[in-house]
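Make the full structure from the sequences, and use the hints.
Top line first, the protein sequences correspond to chains A and B.
Going by the numbering used here, the letters in the first sequence line up with residues 18 to 330, in that order.
Going by the numbering used here, the letters in the second sequence line up with residues 219 to 529, in that order.
Keep in mind the hints are simulated off the structure, nothing from the lab.
Don't take every hint at face value.
If you want a taste of the chain B side facing chain A, the calculated C-beta under 8 Å gives, among others [what the hints assert, rightly or not]: (1) T321; (2) N325; (3) S328; (4) R329.
When the alpha-carbon atoms are kept at most 27 Å apart in a straight line, the in silico DSSO-like pairs for lysine-lysine are as follows [said to hold, decoys possible]: (5) K233(B) <-> K321(A); (6) K233(B) <-> K430(B); (7) K27(A) <-> K233(B); (8) K27(A) <-> K294(B).
Note that beta-carbon positions come from the ideal geometry of N, C-alpha and C, so glycine has one too.
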Amino acid sequence: MSGLMAVFRKELADNFNSLRFIILSFLGYGAAILLTIFVAAQNIRSGVTETTQYIFLRLFTVSGDIQFFSFPVFMTFFIPIVGILMGFDAINGERATGNLSRLSSQPIYRDSIINGKFLAGLVTIAILVFSIVFLMGGIGLRMIGVPPNPDEILRLFTFIFVSIIYGGFWLALAILFSVLFNRIATSALASIAVWLFVFLFVSVIASLIAGAVIPIDQGASQALQVKQNEVAHTISLISPAVLYSESIRVLLIPSHPVMFVLSLYYTGLEPDPLSIGQSLLIAWPQMISLIALTALCFAGSYIKFMREEIRAT
Amino acid sequence: MGDRVVIETRELVKKYGNFVAVDKLNLSINEGEIFGFLGPNGAGKTTTLLMLLGLTEPTAGTAAICGYDSTREAIKVKRIAGYLPEKVGFYDDLTAVENLDYTASLNGLSRQAATTKIQEMLNVVGLSDMAEKKVGTFSHGMKQRLGIADVMIKEPKVALFDEPTAGIDPEGIEQVLELIQAMGRQKVTVVLSSHQLHHVQKICTRVGILSKGHLVAQGSIDELGREKLAGGKVRIEVQVAEPSGKLVKLVEKVKGVTGVETRGDLLLISCEKDLRRQIAKAAAECDSLIVQMKMEEYGLDEIYMKYFREK
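Structure, rendered in structure tokens:
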């Protein structure tokens, strides 16, 4: 246990002193400030008549004139980068510098090394996510002057929790590659490749497969169309980014996602919001899948690392 | 030097696929010995050290340090055994003190104990004025000395050094060897592997020669040399002013001499024991002037070459 704590403390200190963390925090805080001031707060001010419910939460979801750029979208892209940067050289970096054999000849269990590194990375991500959310909340509170209600606070904390797990997945994936590949450049590229694949190709591949499974001709019924979309959606759920963005959308937008669309379409009004329990129930499968993916990645790197032969060269 | 066996291996085998790295190695090293592992690259030196430390699992057989099984009680073994890998590395962006501090905390030393211990060790290895410098600026020799400090932080009973003198300048080598010798004086049992023979010769009390995983010979350097090069005999080299047949005959008659060979003005005499006095007497009898006379000393180089030429 003391070994784990020693590794954890050292890695955490390393993370905070590293240049990459400084760059990441600048990026994160910069985007947070920008999003709140120029996008969310101004939009909420002008559109305050739309609704009176959950105004504080809107700080985190409303996008400005650029439809794509909202806080959830930013986090979906940003967190993977944090996770990858914290983990891509975790093990092979130690090996390359010749520290690994020295480290593993110390009287600690070998898993302390990988556990300590994972924990330190996770805590780093947690601190980053927490501070970004609090920064936005603080600035937003000053600008709109509407305090959050308990339900909103609960939702925000759940959002932070899910974000940390999402970061944990990318961290575990990066550590897995750092165990699998001996060269730092290879593991970094592999992580980036998965990141690109998840963001660019999963949706394309999902719709391609769905199109092949359920072909649609010109005169196809609407039911068939819906079915094809469903298949594509199911396939795209292998992507942790989809899992994450779906679960945080449910958490940050209190209305039921389907009801929201229907109600807006037919009445032009937002439906009544769900309670946090109901929202959690909707997001539950996605959240569990995300946790499972993270556990799977970490277990893989753990097993590989424990069986690894540690040689000086 | 104690007679307590500190390091023991029994029928230790390590296979990588079909390749046998270490083959039925039996070894026992006593407390306070400085044992040198010799052998060409790929002879299984590093593998043996790693198995002793429990970093690599043996295919068969056992290795034990101070009675603890290296595989099953690896943590206990690592608590009393320090290891300096061949390409030792430190965190380049941390200072010497910070690096040692990490090792101390991994060994469960208290803050206070660690601070004094680190200062002490840096003094011993002569790096105290570099204490607050980042290790990235260190030369290879300095890193090696820092590595020795790193090993000594945990006050080990056993220290394993893998190629401690590889790749550093002569002055650095001298310092490293002295430090290792000092550890031996403090009752630390040292095992070091090397293929730089004269370094080993200088400090080791005993050597073992490994070849293709087999321990082909072990013993002190004198023993090994006598056994191998002279067939268990002593060789005496005499340089005389004018060699004569008479002198050769007289020497041959000395009891215990088994052979005389002339090579220019040199007489190479093999005998069963140290017969220098008798030989000098024989030379005096025939009025030959002895320029110099010496017992042949067996260098590790010769022993080593002899072993591997025979293969």
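What's the verdict on K27(A) and K294(B), does the C-alpha distance respect the 27 Å limit or exceed it? Within the cut-off at roughly 23 Å; holds.
Straight-line Cα separation of K27(A) and K233(B) no greater than 27 Å? 36 Å, violated
Between the alpha carbons of K233(B) and K321(A), is the straight-line distance 27 Å or under? Within the cut-off at roughly 20 Å; holds.
Holds or violated: is the Cβ of T321(B) closer than 8 Å to a Cβ in chain A? 7 Å, holds
Tell me if N325(B) is really an interface residue toward chain A, meaning its C-beta lies closer than 8 Å to one of theirs. 6 Å, holds
Given R329(B) as an interface hint, is its Cβ closer than 8 Å to any Cβ of chain A? With a closest approach of 12 Å, the R329(B) hint is violated.
Hint S328(B) vs chain A: min CB-CB distance below 8 Å? 11 Å, violated
Quick one, are K233(B) and K430(B) close enough, alpha carbons at most 27 Å? 12 Å, holds
Checked against the numbered hints given earlier, the structure breaks hints 3, 4 and 7 and satisfies all the rest.
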